[in-house]
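Dock chain B against the given chain A, drawing on the hints supplied.
One line per chain: the protein sequences are A and B, in this order. According to my numbering, the residues represented by the first sequence are 1 to 289, in order. According to my numbering, the residues represented by the second sequence are 1 to 123, in order.
Each pair of labels, with its calculated beta carbon distance range:
| id | chain 1 | residue 1 | chain 2 | residue 2 | range |
| --- | --- | --- | --- | --- | --- |
| 1 | B | E28 | A | E40 | 29 to 39 Å |
| 2 | B | I66 | A | E40 | 17 to 27 Å |
| 3 | A | K68 | B | E62 | 11 to 21 Å |
| 4 | B | K17 | A | E40 | 45 to 55 Å |
| 5 | A | K32 | B | K82 | 51 to 61 Å |
| 6 | A | V45 | B | N112 | 36 to 46 Å |
| 7 | A | P74 | B | I113 | 50 to 60 Å |
| 8 | B | I66 | A | K117 | 42 to 52 Å |
| 9 | B | K41 | A | H89 | 18 to 28 Å |
| 10 | A | K68 | B | I92 | 22 to 32 Å |
16 Å max Cα-Cα, derived EDC-like pairs, lysine to aspartate or glutamate:
| id | chain 1 | residue 1 | chain 2 | residue 2 |
| --- | --- | --- | --- | --- |
| 11 | A | K176 | A | E222 |
| 12 | A | K68 | A | E40 |
| 13 | B | K41 | B | E67 |
| 14 | B | K108 | B | E28 |
| 15 | A | K68 | B | E47 |
| 16 | B | K77 | B | E59 |
| 17 | A | K16 | B | E47 |
| 18 | B | K40 | A | D52 |
| 19 | B | K77 | B | E62 |
| 20 | A | K143 | A | D187 |
| 21 | B | K108 | B | E98 |
| 22 | B | K41 | A | D52 |
Hints listed in this document are in silico derivations from the structure and should not be mistaken for laboratory results. This structure is a prediction, so every number in the text was calculated from the model and none was measured. Ideal Cβ positions, reconstructed from N, Cα and C, are used throughout, including at glycine.
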Amino acid sequence: MQTVGEIMTKELVTVKPEDSVARVANLMERTKIGGLPVVEGRRLVGIITSRDIRRCHPNRLIADAMTKEVVTIPHTCSLWEAKELVERHCIERLVVVDGDYPVGVVTKSLLYAELGKYIDALTGLHKAEFIQRKALELLQDGKEIAIIFLDLDNFGAVDKELGHVVGDEILCRVAKVLGSLVEEGFDYLFRYAGDEFVVVTVKSLEEARKLALRMVNAISEEKWPLGIKVAASAGVAGGRRASPRQGDFEPYTVSDLINMSSLASTRAKKEGRQVVIAGEIGLREAGCI
Amino acid sequence: MSSKTGSYLRGSEPLRKAEMTIRLSEFEIPPMQDALLVGKKAPIGPEAVRRMVDALSPEQYEIIRIEHHVFEAAVLKRSLLKLLPAEKLLPILLEECERVSDEQAVVKAQVNIVIQVNRAVDL
Chain A
1 MQTVGEIMTK
11 ELVTVKPEDS
21 VARVANLMER
31 TKIGGLPVVE
41 GRRLVGIITS
51 RDIRRCHPNR
61 LIADAMTKEV
71 VTIPHTCSLW
81 EAKELVERHC
91 IERLVVVDGD
101 YPVGVVTKSL
111 LYAELGKYID
121 ALTGLHKAEF
131 IQRKALELLQ
141 DGKEIAIIFL
151 DLDNFGAVDK
161 ELGHVVGDEI
171 LCRVAKVLGS
181 LVEEGFDYLF
191 RYAGDEFVVV
201 TVKSLEEARK
211 LALRMVNAIS
221 EEKWPLGIKV
231 AASAGVAGGR
241 RASPRQGDFE
251 PYTVSDLINM
261 SSLASTRAKK
271 EGRQVVIAGE
281 IGLREAGCI
Chain B
1 MSSKTGSYLR
11 GSEPLRKAEM
21 TIRLSEFEIP
31 PMQDALLVGK
41 KAPIGPEAVR
51 RMVDALSPEQ
61 YEIIRIEHHV
71 FEAAVLKRSL
81 LKLLPAEKLL
91 PILLEECERV
101 SDEQAVVKAQ
111 VNIVIQVNRA
121 VDL
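Next up, chain A with everything else stripped away, as it sits in the complex:
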């Protein structure tokens, strides 16, 4: 997982509280930097932005022009945590800290450019790299998750017979169909790879199964170009616990769930079923579902 420390601007230009607004305005003009951390000794005491500068008389001290409440982020945090912070506080830059000391700055535009690498250009969905992050975040919030792994049936034949342009068009439409079924705040849709899609949901196993079934049905019922028949199979795993996990290593938990749901999807395809729940037989025997 990429951290803000890896992408931040490390050549930190700082100013002091006793500097004048005029001097700092010149410095910003010269360095083309729109926001500078204010340090006293090595300690961060504020941040001065070009907006602050515009509002103030040039004779003022930076101490009288700066914003004292600085939003900081530890250098070990992920890019997604940084993105959430800039959006929550509606700010353009975050000061990156190591303990109590500023070590760099990360801007909103840089963050978005880096995070853009995790967005699938074809469908506009998040790529597989984001699944782990979102699933971990939900687990850490004490939510149980279920994973739906959905892949299109015999999609390779579409590419071979009708060409990749048509294939790509279908994938975009699939993303839209699936996107129309997810519930904001409960379900998170990703393109896993090729013709495979994943949903991380905080719903129960049974609700996840129903969602998977709705998705598979919606794909079958959609009117596809050139009269093509598109179908999908889905596997579902997780969503059984009512309380937070204890002692499990969360990244493994997420990887396991993805793997189990993927295998269940393969089984669904082999058995000609729409949706298969991972570990379904054992649970049925035990009378759990």
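Frame of chain A; chain B shown alone:
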């Protein structure tokens, strides 16, 4: 007229005189007596004022940050606040100062407080 002036200038250099007036008075340290109200866009802000009074008259002034449409801080002499608490003094100062100034200004105020006391004593 013009030929006369021309001949005058040609004949000699213009006369230049300097007059000097000196007014002497005592410089106040700090350059305020009782109160300052700092405008939101004034050339000096509350932190600069704090540094000034701390350097020149340590512990004699109190800086109060305020939520006001014209001023952002008030600097009040502590001895004044013994006579009249800030919550009584400040609203009056703000009301009067906002009539005569704006956000760009730092307003110096001289405040005289006279306390009148009438007490009855049993004889």
